[in-house]
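**Student:** This is what each chain is made of:
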Amino acid sequence: MNSEALTTLALTILFGALVSGTPLLFATIGEIFSERSGVMNLGIEGMMLVGAMGGFATWYNTNSLFLGLIVGMLLGALLALLHAFITITLRADQVVSGLAVTFLGTGVSSILGQPYVGQRVPKPIKLPIPALEYIPAEQVIMVLIGVVFAILAWYYLHKTRPGLNLRSVGEYPSAADSLGINVIRTRFIYVLFGGMMSGLGGAAMSLITDPGWSDGKTSGLGWIAVGLVIFAIWDPLRGLWVSYLFGLLRRLPLDLQNPALPFISTANNPSIGRFMDMLPYLATILILILGSREAMRKRLGAPSALGVPYIRGERGL
Amino acid sequence: MKLPFSNLRVRIETRADNPGWIGLLSSILGVVLALFFGGLLLKVAGAGNPIATYREIFKEAFGMPADWLAGIKALTTGTSCPKGMLCFGPLSDTLVKTAPIMLTTLACIVAFRMKLWNIGADGQMFMGAWAATAVAIFLLPKDTNRVVMLSSMAIAGILAGGIYGFIPGFLKARLNINEIITTLMLNYVAYKWLEFFVVVGPWSLGDFESTGNFSKSATWPRLTEYVKSNPVFAGLTVHPGIFLGIGAAILLAWLLFRSRWGFQIRVIGDNPKAARYAGINLAKNIILVMVMSGALAGLAGMNEVAALRTLTGRFQRGYGFTGVIVAWLSRLNPFAAILVSFLFGGLVVGTKLIQPQGISSMLQGVIMFVVIGTELLFRYRVRFEKPEVILPVTGGVNEL
Chain D
13 MNSEALTTLA LTILFGALVS GTPLLFATIG EIFSERSGVM NLGIEGMMLV GAMGGFATWY
73 NTNSLFLGLI VGMLLGALLA LLHAFITITL RADQVVSGLA VTFLGTGVSS ILGQPYVGQR
133 VPKPIKLPIP ALEYIPAEQV IMVLIGVVFA ILAWYYLHKT RPGLNLRSVG EYPSAADSLG
193 INVIRTRFIY VLFGGMMSGL GGAAMSLITD PGWSDGKTSG LGWIAVGLVI FAIWDPLRGL
253 WVSYLFGLLR RLPLDLQNPA LPFISTANNP SIGRFMDMLP YLATILILIL GSREAMRKRL
313 GAPSALGVPY IRGERGL
Chain P
184 MKLPFSNLRV RIETRADNPG WIGLLSSILG VVLALFFGGL LLKVAGAGNP IATYREIFKE
244 AFGMPADWLA GIKALTTGTS CPKGMLCFGP LSDTLVKTAP IMLTTLACIV AFRMKLWNIG
304 ADGQMFMGAW AATAVAIFLL PKDTNRVVML SSMAIAGILA GGIYGFIPGF LKARLNINEI
364 ITTLMLNYVA YKWLEFFVVV GPWSLGDFES TGNFSKSATW PRLTEYVKSN PVFAGLTVHP
424 GIFLGIGAAI LLAWLLFRSR WGFQIRVIGD NPKAARYAGI NLAKNIILVM VMSGALAGLA
484 GMNEVAALRT LTGRFQRGYG FTGVIVAWLS RLNPFAAILV SFLFGGLVVG TKLIQPQGIS
544 SMLQGVIMFV VIGTELLFRY RVRFEKPEVI LPVTGGVNEL
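So the sequence lines, in the order shown, correspond to chains D and P.
Residue numbering for the first sequence follows the working numbering, beginning at 13 and increasing consecutively.
Residue numbering for the second sequence follows the working numbering, beginning at 184 and increasing consecutively.
These are computed hints drawn from the structure, not numbers from a lab.
Certain hints may be false.
Computed from the model, here is a short list of chain D residues facing chain P with C-beta under 8 Å [said to hold, decoys possible]:
#, residue
1, A104
2, L116
3, G119
4, V120
5, S122
6, G232
7, V238
8, F287
9, I297
10, L300
Beta carbons are placed, not taken as given, at the ideal position from N, Cα and C, and that holds for glycine.
Could you build all of it, start to finish, from the sequences and the hints given here?
**Tutor:** Below is the structure:
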């Protein structure tokens, strides 16, 4: 194998990591904003599934990728509204509500998605650059949007007034309330935003990174996103590179099956592939272990009011 | 708020007490509302008439009263089940599915009582099934005594599930790592682990993606084996696994409500700070509870392979998640769990043949949601009261 082909292969794998990491990035940043406002959302998996199914169904019926992504976002936001109402207004346990959202999203996407299993998928749009024709243009655009989005999210969170308000609501809601920030409204907004981003991540998956719909499409990606938020220490820029790392891990079992790879190809040993499939999940646990050490050392941690419902006039946070 | 045409005032206030009937009522209301919303969703999904669908589910799950009557008649007269009647077939199938649900539910209950969110009962069950299979096929000779064989499989399942529960428990206790994420991730690892052994790996019988049938001693005795004593038993697959669940439920109830340790873990669940001041060892109990939880789920795995009589690559996922919902619906009460597991066993059996496939998980999600919602609504009480005679305020504490 010559060096040019090897370079192409390496680039394909790296670009593939960016592509498959981007839906995860959307969901992770959505969850970062939601948790920064003090609401844990364990329903991401369900929201991603509903977004993926709804986005694909919309594209299938309208042939519009853009519309599909929008519908995915709206469906994610719809489930998030349910979660927000139950946890913020009714002040129910956020863990239980989040789990219920995931069950609901899994079931609904499975039922409504039935007719779309194994249907035709969006045709990739070719890049107008002759040497790179094999790369779909929408993937390039999506990756670029993801990078810009992560930077903007970081800027918003750390350098703007609304970002400061958001963080104060998650750290010390009663102090924020006394300064005239509407805690309930702020939390609603960012939980909805988190749901929208999860829905977008799901739709991006079923339309762009891995086109098509199948039952349980996201296979735990939403849960991985929840884990990544902790490792990213609630920081969008850290979320960016961790998402890409996981994108790489998710693709790796497929890439390694390529017989053209020297030394590390698994083409002759398919049973190893099952172990490779475990990698993203094991890596999530590993990353949480590493993250917990780091969080202890740096004394950084979750937003103080994470998981605590806000009741005006009551003592506590 | 004042009601029109009367001098009664309506006040909505938070309940100070928490009477038991609220839980029961919200569970029942939850199921009813869930069936209603589920029906709406079925209608939207174009799955036909919801009422007919529900009737079909009920019939597949429990049979109709006519079937039971025919079954009882056949049982007493010693004849076989009349043609066209289901007799006890559906009930038997439902009981078979109730056992694993009950065990994973108990696994969730013991953890949730301490507010430890073990969402990994599914993975622990897979590991239990894997270990029980290892004993049945590879460790003990085929002609081992049935009791010895089944008990060894149960111990293997309990150990494997317990070890698999130990990992997230240890990580939570020592490094304060969120157990929800770790248990969930370990689910996927367990799925792949089992697939590796059964589908492509050392246990696979080539294209069958299965270990092949267990020897008879490694399987639960089924009622159909006794067809000679009564022809109505023909085809009934019900087995003693259900007693494993009921026994575990009684044991767990005793531990939770009657033992000192059960009191401790309930205190930790309600108020970890108070528990720490009372000198209760949090880390030790977190690990212990996760091991117990995993062990119960592992036993569910053993029960399931002994009932299926083989381990295949399509070993059913999702019992652990159903356990989460059933645990919540039964208010973390092991006795209630017995009944609710039976109903959910019916749901699983009844929806197996019905299209679309996701009905069961959707209904489970809706039920859980409605139950949380109704429970919270019941937390507030509406009081009608006559306006009080307001005395003029004259000094004292009232001036503050």
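**Student:** Does G232 (chain D) hold up as a contact with chain P if the rule is Cβ-Cβ below 8 Å?
**Tutor:** 5 Å, holds
**Student:** Are V238 (chain D) and chain P close enough, Cβ to Cβ, to be under 8 Å, as the hint says?
**Tutor:** 6 Å, holds
**Student:** If you take the shortest Cβ to Cβ gap from L116 (chain D) to chain P, is it below 8 Å?
**Tutor:** 3 Å, holds
**Student:** Under 8 Å, Cβ to Cβ, is where A104 (chain D) needs to be relative to chain P, so tell me if that hint holds or is violated.
**Tutor:** 5 Å, holds
**Student:** At a threshold of 8 Å, is the proposed contact between G119 (chain D) and chain P supported by beta-carbon distances?
**Tutor:** 3 Å, holds
**Student:** Classify the hint on S122 (chain D) as holds or violated, based on whether any CB of chain P lies nearer than 8 Å to its CB.
**Tutor:** At about 3 Å, which falls below the 8 Å cut-off, the nearest Cβ of chain P leaves the hint on S122 (chain D) intact, so it holds.
**Student:** Per the CB criterion, is L300 (chain D) less than 8 Å away from chain P?
**Tutor:** Status holds, d = 5 Å.
**Student:** Would you check whether F287 (chain D) satisfies its interface hint, that is, whether its CB is within less than 8 Å of any CB in chain P?
**Tutor:** Because about 6 Å separates F287 (chain D) from the closest Cβ in chain P, which is inside the 8 Å limit, the hint holds.
**Student:** Holds or violated: is the Cβ of V120 (chain D) closer than 8 Å to a Cβ in chain P?
**Tutor:** Holds, because the Cβ-Cβ distance from V120 (chain D) to chain P comes to roughly 6 Å (cut-off 8 Å).
**Student:** Does the interface hint hold: is I297 (chain D) within less than 8 Å of chain P, judged Cβ to Cβ?
**Tutor:** 5 Å, holds
Hint compliance for this structure: no hint is broken.
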